[in-house]
Amino acid sequence: MIFLDVASWVLILIGSGFIIAGAIGVLRLPDVYTRMHAASVIETVGAGALFAGLMLQAGLTQVTLKLLFILLLFFFTGPVITHALAQAALHAGVKPELEEDRRDRLSASKTDGNAGSDEGRLP
Amino acid sequence: MRVISFGVILYLFWLALSGYFKPFLLIGGLICTLFVLYASRRMKLIDTEGYPAHLFPAASTYWPWLLWEIIKSGWNVTKVILRPRLSISPAMTRLVASQHSAAGIATYANSITLTPGTITTGAKGNILTVHALERGGALDLEEGGMDARVTRFERGG
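As given, the protein sequences belong to chains A and B, one line each in that order.
For the first sequence, this note's numbering assigns the number 636 to the last residue and increments by one with no breaks.
For the second sequence, this note's numbering assigns the number 168 to the last residue and increments by one with no breaks.
Because the hints were derived from the structure by calculation, they are not lab data.
Just so you know, not all the hints are guaranteed correct.
Said to hold, decoys possible - With the Cβ distance kept under 8 angstroms, some of the chain A side facing chain B (calculated, not the full set):
| # | residue |
| --- | --- |
| 1 | I532 |
| 2 | G538 |
| 3 | Y546 |
| 4 | S553 |
| 5 | V554 |
| 6 | Q575 |
| 7 | K579 |
| 8 | F588 |
| 9 | G591 |
| 10 | H596 |
| 11 | L603 |
| 12 | L611 |
| 13 | R615 |
| 14 | R616 |
| 15 | L619 |
To be verified - Computed cross-link-like contacts, BS3-like style, restricted to lysine-lysine with a CA-CA straight-line distance of at most 25 angstroms:
| # | chain 1 | residue 1 | chain 2 | residue 2 |
| --- | --- | --- | --- | --- |
| 16 | B | K33 | A | K579 |
| 17 | A | K608 | B | K135 |
| 18 | B | K33 | B | K90 |
Heads up, the beta-carbon is just placed ideally off N, CA and C, and yes, glycines get one too.
Construct the entire structure; sequences and hints are all you get.
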């Protein structure tokens, strides 16, 4: 089972690498919103590769199944938390540093009844 | 029918997490399952939104596709982060989600957030507000490739 062991360690190292890169990103990027992108590298690619490596270590056991459930929980709750954080930041009036703001692109065409600038909470 | 299949899945979930097969514990698990089933029925959670059983077959092809998108954009964002001279072009945009159900729109919004480099910051009706780390990420979403894929998933394919 040397092959599985090697594959498992490669995945664990890749996952750790992505987590470190994400942490560097959180420090380097300029504002809340861009830093959230770095954090999402950690919780998707980083955690995913790390968990895949751990599952290979555990083999076909109950532990692997539990790891899979934890990963699924990550993938379902992660976006909700990110969304709540972004909403809270916008609501508190933190302005995103943007190079291009295309948020009004729908209001001209009026594709849908509620398109446009009816989101009063946005800066 | 929907309630029964939900109950079976709940019990299998309990079995998988417990890992014990003594009669006393099996019956205990069954009682817990029935209680949760009763409570979720009373709270009207077992509908197409809370328990989207009709989406499970399509998920088997959608999730691998999404996983590959996550890996690709995760790699791109990592390269942006580690570039010696930081050059980002943050952009925000609005998208029209073409899905018809709440579960479909939620899947689209969550898929955008799960792929690194783009975050759904707001959803109102079928209009999503998105923040992208790079301008290209926002333009890719405006082209609507992911939107079409999620709509296909919603229709069960």
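Against the structure, the hints:
no.	hint	result
1	I532	violated (11 angstroms)
2	G538	holds (4 angstroms)
3	Y546	holds (5 angstroms)
4	S553	holds (5 angstroms)
5	V554	holds (5 angstroms)
6	Q575	holds (5 angstroms)
7	K579	holds (7 angstroms)
8	F588	holds (7 angstroms)
9	G591	holds (7 angstroms)
10	H596	holds (6 angstroms)
11	L603	holds (6 angstroms)
12	L611	holds (5 angstroms)
13	R615	holds (4 angstroms)
14	R616	holds (5 angstroms)
15	L619	holds (5 angstroms)
16	B/K33 <-> A/K579	holds (20 angstroms)
17	A/K608 <-> B/K135	holds (20 angstroms)
18	B/K33 <-> B/K90	violated (52 angstroms)
Against the hints set out earlier in the document, violations occur for numbers 1 and 18.
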